[in-house]
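Engineer: Taking the hints into account, I'd like the entire structure generated from these sequences.
Chains W and B, in that order, give the protein sequences.
Quick note: to get the working numbering, add 14 to the position in the first sequence (first position is 1).
Quick note: to get the working numbering, add 13 to the position in the second sequence (first position is 1).
It is worth saying that the hints were derived from the structure and are not from the lab.
Because the structure is a prediction, the values reported are computed rather than measured.
Misleading hints may appear alongside valid ones.
What the hints assert, rightly or not - Facing chain W, from chain B, some residues (calculated, C-beta under 10 Å):
id : residue
1  : Leu74
2  : Leu75
3  : His103
4  : Phe111
5  : Ala126
6  : Gly236
Heads up, the beta-carbon is just placed ideally off N, CA and C, and yes, glycines get one too.
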Amino acid sequence: MKKSDRAQRATAANERLTLRDILPKAFSLMLAFALMAPCLAGAITVDNTTARPTQTTVGNSVYAGDPTRVTWECVVGENEEVSSIFLQYPEGTVFSNESYARLTALDGLDRLEVDAVDPIMADGTVRIEFKTPLAPGTRLRVEMYFVALPAPAGGVVITGSYTTRSGAVQDLPASPAIEVVGKSSADAMVAWLDEQPWVEKWNSVPFLRTFFKPQLIVASFPSLFKGWLRAMALVLIGFPLAIPLGLVLALLKIGKFKLTKGLASLYVNVVRGTPLFLQIYIAFFGLPLMGITANNYVVGVIVLAMNSSAYLCEIFRAGIQSIHKGQFEAAASLGMNGAQTMFNVIIPQTVRRVIPTMTSEFILLYKDTSLLSAVGVMELMMFGKSLVANTGNITPYIVAACYYLLVTLPLIKLVNVLEARLSGTDGGSGGKTKAKKARKSGKKLLSAISPVPLPGDANVAQDAAQATAEPEVAAPAVWRPDAEPDLSLTDAGHEMS
Amino acid sequence: MTETMDKSQTPVVVRIENLVKSFGDLEVLKGVDLEVHRGEVVVVLGPSGSGKSTMLRCINLLEKPTAGRIFFEDQEITAPKTDVNKVREHIGMVFQSFNLFPHLSAKKNVMLAQVKVLKRSKEEAERVAIAQLERVGLGDRLDYLPSQLSGGQQQRVAIARALAMDPHVMLFDEATSALDPELVRGVLDVMREMARAGMTMIVVTHEMGFARDVADRVIFMDGGYIVEQGTPQEIFDHPQNERTKDFLGHIS
Ligand SMILES: Nc1ncnc2c1ncn2[C@@H]1O[C@H](COP(=O)(O)OP(=O)(O)OP(=O)(O)O)[C@@H](O)[C@H]1O
Ligand SMILES: [Mg+2]
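Structural biologist: Quick look at the structure:
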């Protein structure tokens, strides 16, 4: 009964916020004005409401269900004295037996004695009775500790009512909304893990605690998910852009025109001969200096695509050149011209052959998105980095590794399957009776293509670039969480522009 | 005998004049002269490395002659501004290694150049493809991929592919050499049938039986020259040149 009463009052208060209630409100105000004009001249104002986590953990965000300190402030109107205040929290608010409220009254800068009964906190309401009513103009601050807030849409709004000395009951203006972050099941899981004896034992081993802290594993997965999506977006946009670029480069390189041939080779050699890390720096710091400001992700995608196109060019070129010369001759002997031969005979055959190596290149590019973290592009590595900086623990990197493996392991498996299938069926000549020979020659053929573009060989340079780049990027963040040289460099880059 | 006489009266399809072809310092063809008349079947014999393939490949310009002239019908195809692809439309070639397009079915293999080069409609190309594949005995393999066909069947698809272009001359470069013995016959039967139907053919082969039965003229090449030529009887039964005798002795 009590509860429904409060709920009604709460909804009534909430409704005051909405536009369609302005008219009735105005009407009731006029009525009240007529009855007790003196009290209304300066009604109470609620001007400040804040919340902070009681136990300072990471950041200032207030999480639903976490013990929180809520501060609520009001100023008593010029012509009224307040003898009691009733605060109403939204549904879902939980007080524990640790909860308590502290009252502070101020007159200007002077602190006043508060003569009040201990505030009663129960069922999401706080009742404050003043033995001596608050004088007009007094600022009252109510600090409520160990409040577990819900996370309603639009934030937590505290409403309620107050009683004036003359006994009139007035609604309190709704407080400013408090932003509350909804608590996920992961958070609940972390809380549960915190209690488990085996987790404590586990964490007492330095190695396990540093790399595999269960709480951080659980907490990192949802946080890194966004980073994973961004890394995926980078590679899923960048790689398809690299494919036509790489094909054009390959055709130019194979082609007859000396100039375009030379330019294509130059481009491919320069891109393959320099670390992607360096290319990223050149693009991210060079463009702003030229007065070009572009979205980080756009620049990131372009650099990745341009880099990958050079590798794809070599893959395509090797693929095209691995096609038996008999295929070109057969097409030529039928009167087909170069373009007809290329697009109808050679490229369709090349596609099958290069899919495994292209997949390998995709894997490399996906991993290389991590290099963009060095210039502040928010992706998986960067998310991991900031978590590591915040927690001083390596576990988020391990979780990031899981996210990389989530994609790369199935693809590696796929490459193996595709390669096996390719070497099994690709016999352009020789028939069923020579099936075995055909299979063997297929394998030979494959190994003839592979040496150039496979990760084990030509892309070693790229791998190496990554290997040397990563420690540079990651190490400082691990050992000196507040010193992030790469980020500051980014800032410098932006300032320069 | 009269038949041979008849053929030498027909128009010349291919004429080679003093053809020289070198690969770097290696002079493979040292001056070859040859005339092939319409409907004639010319079989080219010779030891390995004597330049048989090279001569054949010069005829459809897969190799660029170093010197000499080649005429196809009335056109000098060795002239500088020749439209090579146009010339090749009418010169069919069958390779030792079949060279089917492995990603296309038998029917599509035969259709591709018809559509792309001769600009035939898909329907017409398909009709021709089916007819040609039936002609080589593969009417029931239209949708098979090359990898699903035996070598002999693949070579017959390759022949159908060339025939679909309505060639004025067909070049065969050891069309049966890559085949298992039991598959050779099917291909040779197809070639025999083509010869009977009046196709002009230049055939490089080691199949002496075929040469004896089908050839109107046999040419013996050695060391970059045509050393001897004549009817099969003349070459096989009464070879004049020592090297011819030597070669035939080794073969049979
Ligand atoms: N593209 C090439 N580059 C260099 N040398 C070549 C090339 N093609 C052929 N030759 C050489 O020319 C010579 C003649 O070759 P060709 O293939 O015409 O001989 P062939 O009479 O067909 O022999 P086979 O019976 O073995 O096929 C050989 O010595 C060969 O090595
Ligand atoms: Mg040869």
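Engineer: Now, for every hint given, state plainly whether the structure supports it.
Structural biologist: Now the hints, each set against the structure:
no., hint, result
1, Leu74, "holds, 8 Å"
2, Leu75, "holds, 6 Å"
3, His103, "holds, 8 Å"
4, Phe111, "holds, 5 Å"
5, Ala126, "holds, 4 Å"
6, Gly236, "violated, 25 Å"
Hint 6 from the earlier list is the only one contradicted by this structure; the remaining hints agree with it.
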